[in-house]
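Chain residues, written in single-letter form:
Protein chains: 4
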Amino acid sequence: MIVVMKPNATAEMVQAMVKRVEEMGLKAHVIVGEERTVIAAAGVKRDGHQAELESCDEVEKIVPIIASYKVASKETKPEPTVVQIRDLKIGGSHVGVIAGPCSVESEEQILQVARQVKAAGATGLRGGAFKPRTSPYSFQGMKEEGLKLLALAREETGLAVVTEVMTPEHVDMLCQYADVLQIGARNMQNYHLLQAVGETRTPVLLKRGPSASIEEFLLAAEYILDQGNQQVMLCERGVRTFETHTRFTLPLATVPYLHERTHLPVVIDPSHGTGIASLVPPMCAAAIAAGCDGLILEVHPDPSRAMSDGAQSLTPEVFADTMETCRKVAAAIGKELG
Amino acid sequence: MIVVMKPNATAEMVQAMVKRVEEMGLKAHVIVGEERTVIAAAGVKRDGHQAELESCDEVEKIVPIIASYKVASKETKPEPTVVQIRDLKIGGSHVGVIAGPCSVESEEQILQVARQVKAAGATGLRGGAFKPRTSPYSFQGMKEEGLKLLALAREETGLAVVTEVMTPEHVDMLCQYADVLQIGARNMQNYHLLQAVGETRTPVLLKRGPSASIEEFLLAAEYILDQGNQQVMLCERGVRTFETHTRFTLPLATVPYLHERTHLPVVIDPSHGTGIASLVPPMCAAAIAAGCDGLILEVHPDPSRAMSDGAQSLTPEVFADTMETCRKVAAAIGKELG
Amino acid sequence: MIVVMKPNATAEMVQAMVKRVEEMGLKAHVIVGEERTVIAAAGVKRDGHQAELESCDEVEKIVPIIASYKVASKETKPEPTVVQIRDLKIGGSHVGVIAGPCSVESEEQILQVARQVKAAGATGLRGGAFKPRTSPYSFQGMKEEGLKLLALAREETGLAVVTEVMTPEHVDMLCQYADVLQIGARNMQNYHLLQAVGETRTPVLLKRGPSASIEEFLLAAEYILDQGNQQVMLCERGVRTFETHTRFTLPLATVPYLHERTHLPVVIDPSHGTGIASLVPPMCAAAIAAGCDGLILEVHPDPSRAMSDGAQSLTPEVFADTMETCRKVAAAIGKELG
Amino acid sequence: MIVVMKPNATAEMVQAMVKRVEEMGLKAHVIVGEERTVIAAAGVKRDGHQAELESCDEVEKIVPIIASYKVASKETKPEPTVVQIRDLKIGGSHVGVIAGPCSVESEEQILQVARQVKAAGATGLRGGAFKPRTSPYSFQGMKEEGLKLLALAREETGLAVVTEVMTPEHVDMLCQYADVLQIGARNMQNYHLLQAVGETRTPVLLKRGPSASIEEFLLAAEYILDQGNQQVMLCERGVRTFETHTRFTLPLATVPYLHERTHLPVVIDPSHGTGIASLVPPMCAAAIAAGCDGLILEVHPDPSRAMSDGAQSLTPEVFADTMETCRKVAAAIGKELG
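Taken in order, these protein sequences are the chains called A, B, C and D. Just so we're aligned: 2 in the UniProt record's numbering is position 2 of the first sequence, and the numbers increase by one with no gaps anywhere. Just so we're aligned: 104 in the UniProt record's numbering is position 104 of the second sequence, and the numbers increase by one with no gaps anywhere. Just so we're aligned: 37 in the UniProt record's numbering is position 37 of the third sequence, and the numbers increase by one with no gaps anywhere. Just so we're aligned: 191 in the UniProt record's numbering is position 191 of the fourth sequence, and the numbers increase by one with no gaps anywhere.
It should be emphasised that the hints constitute simulated quantities derived from the structure, not laboratory data. Being a predicted model, the structure only gives us computed values, none of them experimental. Don't take every hint at face value.
The list treats identical chains as interchangeable, and a pair is accepted whether it falls inside one copy or across any two copies.
[Said to hold, decoys possible] Distance condition first, Cα-Cα at most 25 angstroms in a straight line; then the derived DSS-like pairs of lysine-lysine:
#1 Lys77 <-> Lys61
#2 Lys61 <-> Lys74
#3 Lys6 <-> Lys27
#4 Lys61 <-> Lys6
#5 Lys61 <-> Lys27
#6 Lys6 <-> Lys74
#7 Lys19 <-> Lys118
#8 Lys27 <-> Lys143
#9 Lys74 <-> Lys328
#10 Lys6 <-> Lys77
#11 Lys148 <-> Lys27
#12 Lys19 <-> Lys335
#13 Lys6 <-> Lys70
#14 Lys143 <-> Lys335
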């Protein structure tokens with residue numbers, strides 16, 4: 001960490017700061033510049049060191065040098081993590097596709113869409129049973145009944161079931177039905193929930209919060225990894241910006257940026273990332289070209305009758321066409337879809 | 001709600017849409033404009049109506065007319081809600097001040113700071129016992145031990161205790177020690193937690209998420225109100241924007257904007273809103289001039305030794321001076337501090 | 001436009017508003033809903049109508065129905081505009097590639113890089129002669145001398161020259177040397193400059209401002225089109241958000257979104273959009289998969305010696321590899337590169 | 001500047017980098033940490049040094065230590081700059097108030113409003129004659145005719161005239177009529193315009209661009225100062241964020257933050273900062289409490305008939321009340337209004 005002293009800092013202040021840094025067990029190097037003196041503090045930092053120095057009057061700012069995530073870091077594990085459950089394979093040269101409705105609505109609906117997405121090449125089935133909704137007056141999902149229907153659809157199609165868990169006390173129940181536990185964007189920093197899924201050995205799909213920095217995102221993953229669950233997928237689903245023509249702004253540069261820093265696979269959600277069905281197919285192709293390891297998509301047999309997120313859901317026909325294009329784009333960059 | 005048809009919508013499409021709107025139990029009014037036909041749908045909407053119409057091909061967009069929060073709305077209850085616990089009074093012509101350290105660190109620390117903020121005029125004591133931290137490797141708080149120290153400080157000073165609850169299973173325990181339950185910004189949309197505090201009758205300080213819209217903020221409050229707990233305070237603590245020179249961007253226009261829409265009191269947190277101690281005093285004065293009902297501030301006996309948030313904590317001396325100025329500003333707009 | 005009355009608006013207020021709308025030459029339709037009365041105003045609006053009604057006390061808000069850009073709109077001209085200058089072809093099934101250094105630095109540099117990008121398949125040459133720089137103390141470009149070198153490079157390679165114009169008084173001079181006039185992001189709403197390039201018949205590459213909405217972007221293009229210059233290319237180069245790990249956030253959904261609304265071609269700038277050379281190749285592939293009509297890229301013979309933007313410039317070797325991948329991705333979606 | 005090497009950088013790479021830094025005329029200090037080696041480069045940097053090192057493969061990042069603005073810096077001139085023209089006094093213990101319509105619309109309108117704002121205590125008169133408008137089809141101002149009316153209003157009332165200049169070729173003409181040249185937010189980085197007003201000795205009100213960082217804002221001021229014009233006022237008028245309930249997000253922490261860094265006075269524009277007339281009075285009070293040196297406000301004799309910005313304009317009556325409150329708030333913090 002680099003301690004930048006204020007321009008008017010005296011030699012005494014600099015000496016006092018050096019002493020303080022050394023009391024922390026760190027090695028201090030003083031560099032006197034034209035306009036500022038900086039002190040480089042080398043060694044193993046403890047939590048709080050930065051904040052402590054930052055609040056000293058004679059310090060202008062502290063510049064941290066090293067990222068604070070460890071287990072998620074590529075420096076810890078250079079080879080990419082591949083998550084595989086049933087036929088769903090996310091990571092390496094495989095681009096896995098998870099598709100299905102926003103919410104499980106009925107046995108007929110979920111079985112129908114499961115067959116349709118399977119036929120088009122998906123290997124994972126998404127579907128919400130516990131739904132986090134902005135308004136308390138909105139449909140909150142079919143709950144455990146919905147989970148049973150997802151398990152039924154898995155039985156028939158073999159698709160891996162991906163569904164959201166909203167609170168620590170549901171984790172055990174969810175693990176009985178789901179192949180992948182999804183942590184929604186609203187819960188990215190719900191640390192008790194992260195620790196609870198970290199204690200299981202069920203793979204986790206962790207969605208980025210709409211205003212989370214990449215470091216916060218990786219540190220949220222770190223909460224799960226730190227409990228021993230290594231099967232974590234990072235999901236970019238769009239960030240909140242001044243743009244209102246799309247539901248969120250989908251920054252695909254997240255894909256190569258994360259690949260440079262972490263071994264965890266990166267999944268893209270163009271349905272939430274755009275909020276508009278007609279923009280989803282080109283953004284699926286773009287996500288694959290950017291190098292993503294998986295897609296998660298909303299598909300509904302009749303989007304205009306969906307109980308939630310209809311505006312961003314693909315019809316099964318459009319989904320099948322999209323898969324066709326995506327397969328070609330994946331091949332163009334040397335990868336395989338599904 | 002207003003249904004805007006696409007420019008190429010035929011008369012048949014318009015008729016089909018009118019039929020659909022009427023099937024929803026709504027009254028349809030067709031308005032043929034120069035370039036678009038719009039259909040105004042009047043009546044009581046059900047959840048899902050908007051999404052259903054939005055996903056029809058011939059519809060360009062849906063424009064909702066009415067806000068979706070009800071109990072929080074000033075239309076439901078025009079007179080302002082005043083929250084009073086012990087000497088802490090938030091709302092009406094009173095500006096309550098809650099001050100204290102980011103984290104409870106020791107008996108000595110919390111008692112000392114409680115006495116100091118009480119002496120300067122605070123009526124509430126803040127202090128974290130369960131700390132949500134971005135990194136799993138950071139200090140996570142003294143937990144129940146910290147709660148006991150807060151209760152001890154209350155016993156000695158009479159200050160109302162405000163502390164954060166992070167997960168539904170802790171709500172009962174927290175209620176034994178706290179006068180106000182704080183929901184942190186990261187948990188603003190942790191709906192199980194909102195419902196759990198809604199089931200208590202302990203007042204709640206709900207912090208705005210860093211990228212939450214005002215409507216999402218009020219709907220989060222609605223989750224609490226809907227469970228029967230009417231003692232909800234809204235806390236603006238800054239939003240995440242492109243600005244990096246401050247920790248967050250603190251939008252004080254939130255205060256009068258909320259006052260026009262909701263009866264719930266509005267508290268400002270300039271410590272998190274700026275992240276820089278030297279900016280806190282002027283922003284306290286500004287928040288009061290903007291009409292806020294309360295302040296929540298970080299004060300630490302020795303900020304440079306704080307275990308968290310030292311850079312944004314005031315010393316007790318600066319806090320006392322700030323209170324002095326705030327008292328004058330409150331008087332200038334006809335309000336009373338403390 | 002839809003006039004939403006406040007909940008407490010009386011019948012008299014509604015009548016007065018209807019009268020006012022009719023005085024504007026518009027037809028008023030009153031729709032009485034459960035909680036609000038709205039008045040739909042149909043007919044040809046004049047500038048100022050919306051603002052006028054918006055500021056009436058009894059009005060809650062005005063909802064405009066129709067976009068304000070006309071000439072840029074697909075409704076005005078459904079078939080896509082293709083811009084062609086020399087071998088550079090942007091639009092339709094062609095993806096044109098404009099490459100070159102941030103700044104023209106010397107004859108040797110610009111000739112060398114022109115040959116290299118030409119060899120790899122580019123058909124346009126970028127290079128700044130007049131450089132808008134954040135600091136007045138930074139290198140401001142070689143000015144007219146730089147333009148002459150660009151013309152020389154064109155003579156040798158046949159590449160179309162794309163270069164930035166910063167002020168109206170330079171437009172004539174620039175037109176003597178350039179094939180395409182670039183309007184930089186900082187000048188997207190420099191209306192005198194837009195009008196000045198609109199008066200020429202030289203094609204224009206208009207960069208989106210870092211916080212411009214899509215409507216503002218299209219209205220800036222409208223300033224050019226309105227002067228009679230129909231050869232306008234829209235360039236997305238990233239928007240400013242809370243993300244700091246990339247220089248800007250590059251929202252590729254802009255591509256299909258614009259294609260649904262305007263006939264103008266869309267060019268992507270992944271160099272500025274990311275600011276990091278290693279992220280540029282995957283974002284080029286992603287931009288093409290998203291359906292863009294062109295790319296503009298920074299390439300420098302020795303990025304570490306570049307006088308500006310070195311960190312985001314590709315080496316000629318990486319550029320050639322990138323073109324190779326992009327060619328395959330373009331083919332995968334039925335398009336042709338170059 | 002601090003050069004952070006990649007974790008896998010070898011001793012040879014570090015040595016090569018030291019050599020390179022020394023070739024730049026800088027002194028290199030190598031600090032070997034637990035996980036990274038960093039090189040502190042002390043001495044006078046030239047433009048391009050940072051970019052050059054940043055683009056070297058073995059470098060992870062460059063951390064600049066010193067701000068790049070000089071003349072605007074408080075380190076260059078510690079005492080605050082006070083701008084005084086006629087009775088308008090901005091800076092020091094005076095809070096100047098500039099009020100008037102968005103656009104000059106007629107002799108009657110501008111004279112009436114000038115008298116009204118003067119009576120309420122304003123010392124500056126704003127009014128647009130050349131109007132930058134998002135759409136080419138909107139009213140573009142009365143141009144020179146408008147300037148003459150402003151001069152007439154000044155003659156009658158003695159108010160200092162503040163009006164916008166949009167292009168370098170208008171600067172001379174504007175100087176004949178205006179006391180203060182306003183640079184609008186859209187033109188904050190129109191460098192030719194900044195230089196042109198920098199060559200005059202007429203005071204300049206420079207508005208912050210809606211997504212400009214504080215450093216970019218100060219460097220824009222630096223373009224003016226660098227030409228010799230020292231009379232620059234910085235105007236915060238709101239930034240563009242995800243918030244849509246207000247026109248922009250008005251970050252008042254800008255005021256004390258700028259005061260810590262620059263001697264230039266800071267003016268707040270709550271009209272554009274909120275876009276909603278009812279939010280303007282509390283934000284005026286808040287801006288003064290935050291320590292601003294001036295206010296610029298839109299006031300119109302009949303906002304609902306304004307040709308632009310009616311929704312955010314105060315009536316003369318509300319303006320007079322607002323001044324009353326502001327006077328008290330200014331007194332509460334030891335300042336004087338007007």
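Going down the list of hints, with the structure as the test:
no., hint, verdict
1, Lys77 <-> Lys61, "between (32 angstroms within a copy, 22 angstroms between copies)"
2, Lys61 <-> Lys74, "between (28 angstroms within a copy, 17 angstroms between copies)"
3, Lys6 <-> Lys27, "both (20 angstroms within a copy, 20 angstroms between copies)"
4, Lys61 <-> Lys6, "both (8 angstroms within a copy, 23 angstroms between copies)"
5, Lys61 <-> Lys27, "both (18 angstroms within a copy, 22 angstroms between copies)"
6, Lys6 <-> Lys74, "between (36 angstroms within a copy, 13 angstroms between copies)"
7, Lys19 <-> Lys118, "neither (65 angstroms within a copy, 35 angstroms between copies)"
8, Lys27 <-> Lys143, "neither (56 angstroms within a copy, 33 angstroms between copies)"
9, Lys74 <-> Lys328, "neither (29 angstroms within a copy, 29 angstroms between copies)"
10, Lys6 <-> Lys77, "between (39 angstroms within a copy, 16 angstroms between copies)"
11, Lys148 <-> Lys27, "neither (59 angstroms within a copy, 39 angstroms between copies)"
12, Lys19 <-> Lys335, "neither (55 angstroms within a copy, 42 angstroms between copies)"
13, Lys6 <-> Lys70, "between (32 angstroms within a copy, 16 angstroms between copies)"
14, Lys143 <-> Lys335, "neither (37 angstroms within a copy, 46 angstroms between copies)"
When each numbered hint is compared with the structure, violations occur for hints 7, 8, 9, 11, 12, 14.
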